[in-house]
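Based on the provided sequences and hints, a complete structural model is requested.
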Amino acid sequence: MAADCIFCKIIAGEIPADVVAESEHTIAFRDINPKAPVHVLVVPKVHEPDAAALASAEPAIAAELLAQTRVVASQEGYEDYNLVFNTGAEAGQTVFHAHVHVLAGVDVSKLFLA
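Using the UniProt record's numbering, the letters of the sequence shown correspond one by one to residues 1 to 114.
One or more hints might be untrue.
Keeping only pairs whose Cα atoms sit at most 16 Å apart, straight-line, the calculated EDC-like set for lysine to aspartate or glutamate is [unchecked claim]:
no., residue 1, residue 2
1, 45, 24
2, 9, 48
3, 35, 107
4, 45, 4
5, 45, 22
6, 45, 58
7, 45, 64
8, 45, 14
Don't read these hints as lab results, they were simulated from the structure.
Have a look at this one:
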């Protein structure tokens, strides 16, 4: 855990969050600035700066992270959803703890493919 990381503080219970799912190695909570009707972050409980670092350091946890996205989408009532990983400040990453955005209820792929 990183002492100055907001996601580490959420995992430790030091900062409240609207938790929607939790597994042994992940926690999922609603984004405080949603971009879609469903906008949930799935976060590994281990601190790695981004998804690529997580995949290299903890491939089993990276796989669990992806599996949890389906759990979250399903319990929110969606079979179709988008996943967004931001890696690096220039790509929009603002919290440097690996996480994936689960977005549903709007086709965000049109934003990227237009």
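Worksheet item: Taking 16 Å as the top limit, are the C-alpha atoms of residue 45 and residue 64 close enough?
Response: holds, 11 Å
Worksheet item: Between residue 35 and residue 107, does the CA-CA distance stay at or below 16 Å?
Response: This hinted pair holds, its Cα atoms lying about 11 Å apart.
Worksheet item: Hey, residue 45 versus residue 24, does the alpha-carbon distance stay inside 16 Å?
Response: With a Cα-Cα distance of about 8 Å, the restraint between residue 45 and residue 24 holds, given a limit of 16 Å.
Worksheet item: Taking 16 Å as the top limit, are the C-alpha atoms of residue 45 and residue 4 close enough?
Response: holds, 15 Å
Discussion item. Just to be careful, I want the Cα atoms of residue 9 and residue 48 compared with a cutoff of 16 Å; is the pair within it?
Written reply: Holds, because 14 Å separates the two Cα atoms, which is no more than 16 Å.
Worksheet item: Can the restraint linking residue 45 and residue 58 be considered satisfied, given a maximum Cα separation of 16 Å?
Response: holds, 11 Å
Worksheet item: Is it true that the CA of residue 45 sits at most 16 Å from the CA of residue 14?
Response: Holds. Residue 45 to residue 14 sits at ~14 Å (cutoff 16 Å).
Discussion item. Next pair to validate is residue 45 with residue 22; report whether the Cα-Cα distance is within 16 Å.
Written reply: holds, 10 Å
The structure agrees with every numbered hint stated previously.
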